[in-house]
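If you want the building blocks of each chain, they are given just below.
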Amino acid sequence: MRTVYETLCDPAHMPKPVIIPGAGRFMRSLLAPGLLLVIVLTLVMPDRTEAQLPRERVETDEPVDNVFWAMTNVGISTVRNLSKGNLNSSVLHTFGLVDRGIEHLYGLDDGANTRIRLDYAISDRFSAGVGRMTFNKVVDIGGKYNILRQTTTGSIPVELAVKASMGINTMPNTGYRFSERLSYFTSVMIARKFNSFSLQLTPMIAHFNRTVGDNPDQLFGLGIVTNYELTDRLALSAEYLPVFGDRNANTHDAMALALNIDTGGHIFQIFFTSSQWHNEEFIMANNRDRFWKGDFRFGFNIHRVFGIGR
Amino acid sequence: MTQSGYAEFKSSVPLHSFTGESNNLTGMIDFHENVIDFYLDLNTLRTGIDRRDRDMFRTLDVDEHPFAEYTGELTSSFDHDSDEKQRVTAVGEFTMHGITRDLEVSGYLQKQGDQITLEAEWILNIKDYELEPPSILFVEVDEEMEIRIETELEPRSRDETLGGN
Numbered sequence: 001m002r003t004v005y006e007t008l009c010d011p012a013h014m015p016k017p018v019i020i021p022g023a024g025r026f027m028r029s030l031l032a033p034g035l036l037l038v039i040v041l042t043l044v045m046p047d048r049t050e051a052q053l054p055r056e057r058v059e060t061d062e063p064v065d066n067v068f069w070a071m072t073n074v075g076i077s078t079v080r081n082l083s084k085g086n087l088n089s090s091v092l093h094t095f096g097l098v099d100r101g102i103e104h105l106y107g108l109d110d111g112a113n114t115r116i117r118l119d120y121a122i123s124d125r126f127s128a129g130v131g132r133m134t135f136n137k138v139v140d141i142g143g144k145y146n147i148l149r150q151t152t153t154g155s156i157p158v159e160l161a162v163k164a165s166m167g168i169n170t171m172p173n174t175g176y177r178f179s180e181r182l183s184y185f186t187s188v189m190i191a192r193k194f195n196s197f198s199l200q201l202t203p204m205i206a207h208f209n210r211t212v213g214d215n216p217d218q219l220f221g222l223g224i225v226t227n228y229e230l231t232d233r234l235a236l237s238a239e240y241l242p243v244f245g246d247r248n249a250n251t252h253d254a255m256a257l258a259l260n261i262d263t264g265g266h267i268f269q270i271f272f273t274s275s276q277w278h279n280e281e282f283i284m285a286n287n288r289d290r291f292w293k294g295d296f297r298f299g300f301n302i303h304r305v306f307g308i309g310r
Numbered sequence: 001m002t003q004s005g006y007a008e009f010k011s012s013v014p015l016h017s018f019t020g021e022s023n024n025l026t027g028m029i030d031f032h033e034n035v036i037d038f039y040l041d042l043n044t045l046r047t048g049i050d051r052r053d054r055d056m057f058r059t060l061d062v063d064e065h066p067f068a069e070y071t072g073e074l075t076s077s078f079d080h081d082s083d084e085k086q087r088v089t090a091v092g093e094f095t096m097h098g099i100t101r102d103l104e105v106s107g108y109l110q111k112q113g114d115q116i117t118l119e120a121e122w123i124l125n126i127k128d129y130e131l132e133p134p135s136i137l138f139v140e141v142d143e144e145m146e147i148r149i150e151t152e153l154e155p156r157s158r159d160e161t162l163g164g165n
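Each protein sequence line maps, in turn, to chains A and B. Here our numbering is used: the first residue of the first sequence is 1, the next is one more, and so on. Here our numbering is used: the first residue of the second sequence is 1, the next is one more, and so on.
It should be emphasised that the hints constitute simulated quantities derived from the structure, not laboratory data. For each residue, glycine too, the CB sits at the ideal point set by N, CA and C. Among the hints, erroneous ones may be present.
[Claimed, not checked] Cβ pair distances, simulated, as ranges:
#, chain 1, residue 1, chain 2, residue 2, range
1, A, I147, B, D81, 49 to 57 Å
2, B, S77, A, L234, 55 to 63 Å
3, A, V58, B, D142, 22 to 30 Å
4, A, L236, B, F78, 53 to 61 Å
5, A, G175, B, N23, 21 to 29 Å
6, B, E143, A, T263, 15 to 23 Å
7, B, I99, A, T231, 53 to 61 Å
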């Protein structure tokens, strides 16, 4: 930043001797007093730069911004967390399969699985929240803790976060005991932002206290999430969630593609996804659709952070 | 002299307000030459929401104009022998976004041991600095912002402070 004072005293802006070939005596008689005035003013003008502090930029080593734009991509949690005192609200919707055609308005008539979630940041690294989704009327509580934050100087090259949650199926008249309604989930999120591109790997494990038939009570998966910033306001993201080892009968690895839109206050995610379920454990346990076979559905998420801490 | 002064702005949209803060206010008061000089690296401002910070930096064009700065002089006297909080006034020029405007600021100075504490606040109209108020979902941020600074000034020699300029 160049201040006014610096600009006045910049040698590049100082008056220089002027030579005008062929100028007449009359012109010289006009110019001479002008030059003299400039020289005198230059000599008597106080050099205000001497009074000013040198302007120096602050060198910071801060967390990289916007590794992901929302705390949840489509169905997989991201390393993004809140600043202390902030509240994040999310509303997530997934509809029926697009191939249901115009009679079902490409799945929109088939009802939505809606999830509402609130998270509050207890510190700059730890947030906790509660959510609920339509299917099985699952209510879940959980938290996310950022162990490492990728920094702008590269002193810490990756983001590392852990998430743990517990869900309870609150559907009435199922005959389930309380303990049978419970499920548990934990994941480790490792991510890095490379300029406009972000990649996250998320090994995860889910445990269900009650399963149907021969379905395993534990599921292991590896969530892969990417985000590519097209502009400051638009980003494309994708996620893929393969399940490893024993898995539930007739289930398939889930996949989703999303367009992220930053409106200046909200993050909208408009997406196509194979799974109508929310939460990683239920996506692993229940997705019976194959994205690349045309089994995908429309959905959208809305995320908003309220800066109630300031 | 300070390099870790506190500066904040408070901005509002209908039904909501937010604050941006920095602890990197740098500046000095030279009582001998009667010069006040403060500047803030705008990149150090944080509102608590990183995406909002990014929008703020874009609005302020911090890559091109990284500093907000004020240079002026005291127009009221300050009694160095008193420990009382003293109201003072300064006139000078405030520069932001490459635009310089005259600005008169009132504040308080108070001697505390070797140090002098400074508190000041004023209203800044961002349109005066050719900044367009950003909008949040079509609701425009108020063009007037409350600015507040607070810092403790430590005694330094003139050469040490100005780096031998």
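To see whether the hints hold, each was checked on the structure:
1. At about 54 Å, the CB distance of I147 (chain A) to D81 (chain B) agrees with the hint of 49 to 57 Å.
2. Here the CB-CB span from S77 (chain B) to L234 (chain A) is close to 57 Å, well matched to the stated 55 to 63 Å.
3. At roughly 27 Å, the beta carbons of V58 (chain A) and D142 (chain B) sit within the given window of 22 to 30 Å.
4. Separated by about 59 Å at the C-beta atoms, L236 (chain A) and F78 (chain B) satisfy the suggested range of 53 to 61 Å.
5. Our hint of 21 to 29 Å for G175 (chain A) and N23 (chain B) is violated, since their Cβ atoms are close to 59 Å apart.
6. In this structure, E143 (chain B) and T263 (chain A) meet the distance hint of 15 to 23 Å, their C-beta atoms being roughly 21 Å apart.
7. Between I99 (chain B) and T231 (chain A) the beta carbon distance is about 27 Å. The supplied range of 53 to 61 Å is therefore violated.
When the structure is compared with the earlier hints, violations turn up for hints 5 and 7 and for no others.
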